[in-house]
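What follows is each chain in one-letter form.
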Amino acid sequence: MSFVSTQHIAPAPPPPDESGWAARARRLLFSSPASAAVTVALGVLLAWFGWKFLRWGVLDAVVGAGDAALQACRAAGAGACWAVIGEKHRLILFGIYPYAEQWRAAAAMGVLAVMYVLSALPRFWNWRLAVAWGVALAVFSLLMWGGVPGLPFVPDDQWGGLPVTLILATLGLAAGFPLAVLLALLRHSGRNGVAKSLAVAYIEVTRSVPLLAVLFLASVMIPLFLPQGMELSKLFRVFVAFALFTAAYLAEVVRGGLQAVPRGQAEAAAALGLTPAVVTLRVVLPQALRAVLPALVNVFIAFFKATSIVVVVGIFDLMTAAKRAAADAQWQGFGTEIYLFVAAIYFVFCYAMSRYSERLQARGVGAVR
Amino acid sequence: MNDDQILRIRGLHKWYGDYHALRDIGFSVKAGERIVVCGPSGSGKSSLIRCINGIEGFERGELDVCGIALGPTARDAQLIAVRRRVGMVFQQFNLFPHMTVLENCTLAPVSTKLASLADAQAAAMSLLARVRVQEHAHKYPAQLSGGQQQRVAIARALCMKPQLMLFDEVTSALDPEMVKEVLDTMVSLAEEGMTMVCVTHEMGFARRVADRVVFMDEGQVLEVASPQEFFDAPRHERARAFLGDVLRA
Numbered sequence: 001m002s003f004v005s006t007q008h009i010a011p012a013p014p015p016p017d018e019s020g021w022a023a024r025a026r027r028l029l030f031s032s033p034a035s036a037a038v039t040v041a042l043g044v045l046l047a048w049f050g051w052k053f054l055r056w057g058v059l060d061a062v063v064g065a066g067d068a069a070l071q072a073c074r075a076a077g078a079g080a081c082w083a084v085i086g087e088k089h090r091l092i093l094f095g096i097y098p099y100a101e102q103w104r105a106a107a108a109m110g111v112l113a114v115m116y117v118l119s120a121l122p123r124f125w126n127w128r129l130a131v132a133w134g135v136a137l138a139v140f141s142l143l144m145w146g147g148v149p150g151l152p153f154v155p156d157d158q159w160g161g162l163p164v165t166l167i168l169a170t171l172g173l174a175a176g177f178p179l180a181v182l183l184a185l186l187r188h189s190g191r192n193g194v195a196k197s198l199a200v201a202y203i204e205v206t207r208s209v210p211l212l213a214v215l216f217l218a219s220v221m222i223p224l225f226l227p228q229g230m231e232l233s234k235l236f237r238v239f240v241a242f243a244l245f246t247a248a249y250l251a252e253v254v255r256g257g258l259q260a261v262p263r264g265q266a267e268a269a270a271a272l273g274l275t276p277a278v279v280t281l282r283v284v285l286p287q288a289l290r291a292v293l294p295a296l297v298n299v300f301i302a303f304f305k306a307t308s309i310v311v312v313v314g315i316f317d318l319m320t321a322a323k324r325a326a327a328d329a330q331w332q333g334f335g336t337e338i339y340l341f342v343a344a345i346y347f348v349f350c351y352a353m354s355r356y357s358e359r360l361q362a363r364g365v366g367a368v369r
Numbered sequence: 001m002n003d004d005q006i007l008r009i010r011g012l013h014k015w016y017g018d019y020h021a022l023r024d025i026g027f028s029v030k031a032g033e034r035i036v037v038c039g040p041s042g043s044g045k046s047s048l049i050r051c052i053n054g055i056e057g058f059e060r061g062e063l064d065v066c067g068i069a070l071g072p073t074a075r076d077a078q079l080i081a082v083r084r085r086v087g088m089v090f091q092q093f094n095l096f097p098h099m100t101v102l103e104n105c106t107l108a109p110v111s112t113k114l115a116s117l118a119d120a121q122a123a124a125m126s127l128l129a130r131v132r133v134q135e136h137a138h139k140y141p142a143q144l145s146g147g148q149q150q151r152v153a154i155a156r157a158l159c160m161k162p163q164l165m166l167f168d169e170v171t172s173a174l175d176p177e178m179v180k181e182v183l184d185t186m187v188s189l190a191e192e193g194m195t196m197v198c199v200t201h202e203m204g205f206a207r208r209v210a211d212r213v214v215f216m217d218e219g220q221v222l223e224v225a226s227p228q229e230f231f232d233a234p235r236h237e238r239a240r241a242f243l244g245d246v247l248r249a
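Chains as they are written, first to last, in my numbering: chain Y, 1 to 369; chain Z, 1 to 249.
One or more hints might be untrue.
Chain Z side only, calculated, beta carbon under 10 Å to chain Y, not exhaustive [claimed, not checked]:
id: 1; residue: G54
id: 2; residue: V82
id: 3; residue: R83
id: 4; residue: F90
id: 5; residue: L95
No lab work stands behind these hints: they were computed from the structure. As the structure is a computational prediction, the values presented were derived from the model and not from experiment. Backbone N, C-alpha and C define an ideal beta-carbon position, used for all residues, glycine too.
Just need the whole structure built from these sequences, with the hints factored in.
Right under this line is the structure:
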C-alpha cells in the first residue's frame with residue numbers, strides 16, 4: 001500500500017498530551033498492579049517515618065538554651081533536643097577560637113560567603129575577581145589572625161569550626177585546581193619528556209596513597225625534614241597536603257576533558273598563527289573543562305567533605321568541633337541533634353555546588369552544543 | 001628564489017611510521033596563482049597541504065613559504081610566523097564552538113596583536129558580510145548550517161590577511177545543496193587575486209578556477225598541467241583512470 005499526498009497538508013498541533021499531575025502520577029506510580037502495590041507500601045512506610053520524624057524533630061522538640069531547656073530535654077517523652085544547638089552552636093561553628101573574638105571568625109566567613117556568591121556570577125568573571133579574592137583572603141587572614149591594634153593575635157592552632165573547613169576547602173581547591181590543570185596538560189601533551197613522566201608519576205603515586213597517610217605525613221613527618229628553627233603551622237601543612245592530593249584526582253578529570261576536545265580544534269587554532277599557550281588557554285581548555293564540569297563538581301564535593309578527615313591530625317574543623325560539643329558531660333546524649341545540625345551545614349554547601357554546576361551547564365556557559 | 005614565488009617545495013618526503021606518505025614532492029606557486037591538488041584518496045594530498053603550514057611535520061626536504069624557510073626541524077617561532085601569513089580552511093570547519101562567530105574571527109588578530117579589538121571586529125564584520133553571514137555574527141557555530149559554518153571558517157582565516165590560502169577538501173563534509181555556496185565564495189576569492197592551494201574533488205571548480213592542476217597518487221606528484229591539458233588530455237595513465245572515476249560519478 002502506498003499513499004501519495006494530493007494536496008498540501010497544513011501543519012497541525014500534536015495530539016493532546018496526558019498532562020497534569022494526576023495523569024503523571026498515574027503513569028509514574030500506578031502503571032501496573034505491582035507498581036501500585038510498591039507505591040502504596042512505600043507510601044505508608046514513608047508517611048509513618050515522616051510522622052515519627054515530625055513528632056520527634058518539631059512537635060515534641062525542645063528549643064532554646066540553658067538549664068531550663070536541659071531539664072525539658074531530660075523529661076520523659078521529649079523529642080529532639082535542639083536546645084543543645086542553642087547551647088553549643090558557638091562551639092560547633094567556631095571551635096576553640098577565643099569566645100570574645102568569635103565575631104571575627106563570623107565576619108571572616110561572611111567575607112568568604114560574599115566571595116562565593118560573586119564568583120558564581122559569570123558577569124564578574126574577569127581579572128577583577130582574582131584581585132577581589134586576593135583582598136578577601138587578606139581580610140580573612142587579618143580577621144582570623146589579628147595581631148593589629150584592636151584585634152588581638154589568635155594563632156591558627158586556635159582556629160576552629162566552620163571557618164577552618166571553609167578555608168581548607170577554598171584554598172585547597174584554589175591551589176589544587178591550577179596544579180591539576182598543569183598536570184593534566186603535561187600528561188596529555190604529545191611530547192614525551194621528563195616533565196610528562198614526572199606528571200604521570202606524580203598522579204599515579206598520589207592516587208595510590210590514602211589521604212589519611214598524606215595527612216599524617218604532612219603533620220608528623222614534614223616538620224622532621226624542615227631545617228632547625230623553621231616552622232610551618234599545622235594548618236598550613238594540612239592545606240598543602242590537601243591541595244597536592246586533590247590535584248592528582250582533578251588532573252585525571254581534566255585530562256578526560258582534554259581527550260574529549262577534537263584534534264581539529266587545536267589544529268585550527270594553531271593554523272591561525274596562535275601561540276601554543278593561546279591555543280591551550282583560549283581554545284582547548286574552555287571546551288575541555290566544560291565537558292567534564294559534572295565530574296569536576298563531583299570531586300569538589302567529595303573534597304569538601306573530605307576536609308572533615310583532618311580530625312585525625314588534630315585540626316579543629318567543623319566535624320571536630322561537633323565531636324567536642326557532643327562530648328560535653330552535662331549535655332551528653334544529644335549527639336544525634338548535633339550531627340544532624342552539622343550534616344545540614346555540609347548539605348547546604350554541597351547541594352549548592354551541585355545545583356550551581358547544573359545551572360552552569362544548562363545556561364551553556366562556553367556552550368559546546 | 002623568485003620574488004613573486006609565495007610557495008616553493010623541494011624534495012619533500014614524509015613518513016607515517018614505515019609508510020612513505022609523500023615522496024619527493026616539488027613544485028612552486030607564484031603570487032596570485034590558483035593551484036588545485038587532486039588525486040585518489042590516500043594519495044597524500046591532505047598530508048602535503050598540511051605540511052605547508054606546519055600542521056604536519058616532514059622528514060626530508062625544504063619548504064619556502066612566504067619567504068620563510070621551513071625544514072624538517074623548524075622551530076615553533078618559524079611555524080607561527082608561517083601560519084600568520086597562511087590561512088587554512090578544513091574539511092570539518094573546526095570553528096571554536098564556545099565562541100560566537102565574531103569571536104571566532106577576532107581571536108587570532110587580537111591575540112597576535114595584528115589589530116585592536118575594535119579594528120578586528122570591524123574587519124571581521126566586513127569579511128563576514130563578504131561571505132554573506134554577517135547577520136549570524138553573534139550566534140554560536142552550532143546554530144549555523146554546515147555551509148554557513150564553512151563560510152565563517154573562510155572569513156576567520158581571511159581575518160589574518162593571509163598571503164596564501166590553503167583549502168583542505170572544504171566541501172567534502174557538506175550536504176550537496178550547500179556545496180555551491182562555499183564554492184562560490186572560493187571562486188570570488190580567486191577572482192580577487194588570492195593565492196590559493198586547494199585540495200578538492202570538485203572538478204568543475206578546478207576547471208573553472210585553477211591555473212594549474214597538480215595530480216597526486218601514492219605520495220607522488222604525477223602530473224602538473226593547466227586544467228585544459230589535464231582534463232582534456234591527461235598524460236599519465238593513472239590520471240586518466242582517476243578522471244574516469246570522478247567524472248563518471
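For each hint, the structure was consulted:
{"no.": "1", "hint": "G54", "in the structure": "8 Å, holds"}
{"no.": "2", "hint": "V82", "in the structure": "8 Å, holds"}
{"no.": "3", "hint": "R83", "in the structure": "4 Å, holds"}
{"no.": "4", "hint": "F90", "in the structure": "6 Å, holds"}
{"no.": "5", "hint": "L95", "in the structure": "8 Å, holds"}
Taken one by one, the earlier hints all hold for this structure without exception.
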